[in-house]
Amino acid sequence: MKNNNIQNTVFRFVVFFLITFLSVDLRAESEVIDFMRNSGKIYSVVAVVAVIFIGLAIYLFRLDAKLTKLEKRINDQ
Amino acid sequence: MNIKGWWWKILGVLIYLYVIIGGLTVPLKPGVLKVDPASANTGTKLELNITGYNTHFSDATENKAWLKTDSGHSIKARDIHIVDDMHAQLIFELPEVLPPGEKVQPLTLIMDNEKDGAFVQPNAIFVKAKENTTSGTEGWDEADFGHIHTADGIAFPYRNILHETIRNTFFHVALWFAMFIMLIVGLVYAVRYLRTHDYSYDIKSSAYNKTGILFGILGLATGSIWARFTWNTFWTGDVKLNMTAVTLLIYLAYLVLRGASSDTDKKAKISSAYTIFAFVAMIPLLFIIPRMTDSLHPGNGGNPALGGEDLDNTLRMFFYPAILGLSLIGVWISTLVIRYEMLKERLFQNQK
Numbered sequence: 001m002k003n004n005n006i007q008n009t010v011f012r013f014v015v016f017f018l019i020t021f022l023s024v025d026l027r028a029e030s031e032v033i034d035f036m037r038n039s040g041k042i043y044s045v046v047a048v049v050a051v052i053f054i055g056l057a058i059y060l061f062r063l064d065a066k067l068t069k070l071e072k073r074i075n076d077q
Numbered sequence: 001m002n003i004k005g006w007w008w009k010i011l012g013v014l015i016y017l018y019v020i021i022g023g024l025t026v027p028l029k030p031g032v033l034k035v036d037p038a039s040a041n042t043g044t045k046l047e048l049n050i051t052g053y054n055t056h057f058s059d060a061t062e063n064k065a066w067l068k069t070d071s072g073h074s075i076k077a078r079d080i081h082i083v084d085d086m087h088a089q090l091i092f093e094l095p096e097v098l099p100p101g102e103k104v105q106p107l108t109l110i111m112d113n114e115k116d117g118a119f120v121q122p123n124a125i126f127v128k129a130k131e132n133t134t135s136g137t138e139g140w141d142e143a144d145f146g147h148i149h150t151a152d153g154i155a156f157p158y159r160n161i162l163h164e165t166i167r168n169t170f171f172h173v174a175l176w177f178a179m180f181i182m183l184i185v186g187l188v189y190a191v192r193y194l195r196t197h198d199y200s201y202d203i204k205s206s207a208y209n210k211t212g213i214l215f216g217i218l219g220l221a222t223g224s225i226w227a228r229f230t231w232n233t234f235w236t237g238d239v240k241l242n243m244t245a246v247t248l249l250i251y252l253a254y255l256v257l258r259g260a261s262s263d264t265d266k267k268a269k270i271s272s273a274y275t276i277f278a279f280v281a282m283i284p285l286l287f288i289i290p291r292m293t294d295s296l297h298p299g300n301g302g303n304p305a306l307g308g309e310d311l312d313n314t315l316r317m318f319f320y321p322a323i324l325g326l327s328l329i330g331v332w333i334s335t336l337v338i339r340y341e342m343l344k345e346r347l348f349q350n351q352k
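These protein sequence lines map, in sequence, to chains A and B. When we follow the working numbering, the leftmost residue of the first sequence carries the number 1, and every step to the right adds one. When we follow the working numbering, the leftmost residue of the second sequence carries the number 1, and every step to the right adds one.
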């Protein structure tokens, strides 16, 4: 159980940092915006694809974690 | 591993891979990025500096250019100086008078060569009539451009402001279509639960609803990024954005509702009934209200959607597969959740 708590805390931190990192990066300062506007704004499309990929990945990781928990409970019985 | 049960999962991934690769690599049609100066007076010699996008001015030998008024009159460029593939200077002799109409008229720039085909920049330059002149058509030709080239190969439409972000149609817009499909499946299972009281239907309903909510949240996030680079802000007061946020909040309340009750039977009944309410609430919020007012989104207010250059046949080649691929992936994720919940349910029953 203790191990699980640590995992959860780590997971929360990772998500928190991902979100802050992403939002800081996008809001950022004109340099990033200028970069994204280059080449006909193609990098904003890349960012969109990345967000979809990260979103699906986070959802699957959470499902993975829930399954691991369930496996443990079955093994404990 | 049984391939019979797997084919649609592989199909979904392959289709989405095709969309990502094709959607990111097919080039954009040529277009005009910048026109300088932005305005001129009648009766002057106009040196128009053009910055093109994906153009091949120096490769092409038959560069031609025209300026056209809304009334259908045009003048042809007297001279074209090619700087490089992307830059050219067009020399026009503007006539002394403007065709009948406003005192200041927007002119459409039309360029044509055998490499790029013809492309158009609406409202490229505003021409102002001299004081005390009457309008007339001397110096203007009837708009007739003779032979105009068409480019070979597939390319996405070039749209002002959108530029390369038109590719987000495959990613951002397809997410909403896939979300809608997931929520429909969730609704069907909710109704089936209420008719049969078979708990497995409630599990299925909630899994599809969750995937729908995931797609909705991703849709908001991706739309926000797209808006930053086309509308210049992460969030606008646009009706469609706010109504979507309301819809997602209604569906998030569904998750809270499910989490609040520990009694299986009660939870299933309440959340199935709530699914019907949430789905019915979504219809006016997403499909009716945004169409009644002006909106930045195509397909709402005065904006056309799924027609013209907003969704032409080259975009359709990737847009429809994107919806299909994403929906299959969504079904896959949902079945994983369903299998997890079923296992958990069986475990609980064993413990009782």
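I should point out that these hints are in silico values taken from the structure, not numbers from a laboratory. Note that this is a predicted model, so its numbers are computed, not measured. One or more hints might be untrue.
[Claimed, not checked] Covered stretches of chain B, as calculated for chain A (at least 3 residues, CB under 8 angstroms):
1. 105-113
2. 166-177
3. 211-225
[To be verified] With a straight-line cut-off of 27 angstroms between C-alpha atoms, the simulated BS3-like cross-links for lysine-lysine are:
4. B:K266 to B:K344
5. A:K69 to B:K64
6. B:K115 to B:K34
7. A:K72 to B:K267
8. A:K72 to B:K344
9. A:K69 to B:K266
10. B:K210 to A:K69
11. B:K267 to B:K210
12. B:K9 to A:K69
13. B:K344 to B:K9
14. A:K66 to B:K9
15. B:K45 to A:K66
16. B:K269 to A:K66
17. B:K103 to B:K115
18. A:K66 to B:K266
19. B:K267 to A:K69
20. A:K66 to B:K210
21. A:K72 to B:K210
22. B:K76 to B:K103
23. B:K344 to A:K66
For every residue, glycine included, the Cβ atom is placed at its ideal position computed from N, Cα and C.
Going through the hints against the structure:
Here the segment 105-113 of chain B counts 0 residues with a CB under 8 angstroms from a CB of chain A, which misses the bar of 3, and the coverage is violated. Under a criterion of three residues with beta carbons nearer than 8 angstroms to beta carbons of chain A, the stated coverage of the segment 166-177 of chain B is upheld, 5 such residues being counted. Residues of the segment 211-225 of chain B with a Cβ under 8 angstroms from some Cβ of chain A number 6, which satisfies the need for three, so the listed coverage holds. At most 27 angstroms may separate the alpha-carbon atoms for a hinted pair to count; K266 of chain B and K344 of chain B meet this at roughly 18 angstroms.
Distance hint between K69 of chain A and K64 of chain B is unfulfilled; the C-alpha atoms sit about 69 angstroms from each other, more than 27 angstroms. Between K115 of chain B and K34 of chain B the alpha-carbon distance is near 20 angstroms, which keeps this suggested pair within the 27 angstroms criterion. Between the alpha carbons of K72 of chain A and K267 of chain B the distance comes to roughly 26 angstroms, so the proposed pair stays at or under 27 angstroms and holds. As the CA atoms of K72 of chain A and K344 of chain B are separated by approximately 12 angstroms, the hinted pair is consistent with the 27 angstroms bound.
Of the pairs offered as hints, the one joining K69 of chain A and K266 of chain B holds, with about 25 angstroms between alpha carbons and a cut-off of 27 angstroms not exceeded. Restraint check for K210 of chain B and K69 of chain A: the C-alpha separation of about 20 angstroms stays at or below 27 angstroms, so the hint holds. For a cut-off of 27 angstroms, the pair hint linking K267 of chain B to K210 of chain B stands: about 15 angstroms separates their Cα positions. Taking the CA atoms of K9 of chain B and K69 of chain A, the gap is near 26 angstroms; set against the 27 angstroms cutoff, the hint holds.
At roughly 24 angstroms between alpha-carbon atoms, K344 of chain B and K9 of chain B fall within 27 angstroms of each other, so this suggested pair holds. Simply put, K66 of chain A and K9 of chain B have alpha-carbon atoms about 22 angstroms apart, close enough for the 27 angstroms limit, and the pair holds. Using a Cα cut-off of 27 angstroms, the hinted pair K45 of chain B and K66 of chain A is violated, with the two alpha carbons roughly 73 angstroms apart. The straight-line distance between the Cα atoms of K269 of chain B and K66 of chain A is roughly 24 angstroms, inside the 27 angstroms bound, and the hint therefore holds.
Taking the CA atoms of K103 of chain B and K115 of chain B, the gap is near 37 angstroms; set against the 27 angstroms cutoff, the hint is violated. Taking the CA atoms of K66 of chain A and K266 of chain B, the gap is near 24 angstroms; set against the 27 angstroms cutoff, the hint holds. Restraint check: the Cα-Cα separation between K267 of chain B and K69 of chain A comes to about 23 angstroms, which is no more than 27 angstroms; the hinted pair holds. Restraint check: the Cα-Cα separation between K66 of chain A and K210 of chain B comes to about 15 angstroms, which is no more than 27 angstroms; the hinted pair holds.
With a C-alpha separation of about 24 angstroms, the suggested pair K72 of chain A and K210 of chain B falls inside the 27 angstroms cut-off, and the hint holds. Annotation: proposed proximity of K76 of chain B to K103 of chain B holds, straight-line Cα distance about 21 angstroms (limit 27 angstroms). Our distance criterion of 27 angstroms between C-alpha atoms is met by K344 of chain B and K66 of chain A, whose separation comes to about 10 angstroms.
When held up to the earlier numbered hints, the structure conflicts with 1, 5, 15, 17 and fits the remainder.
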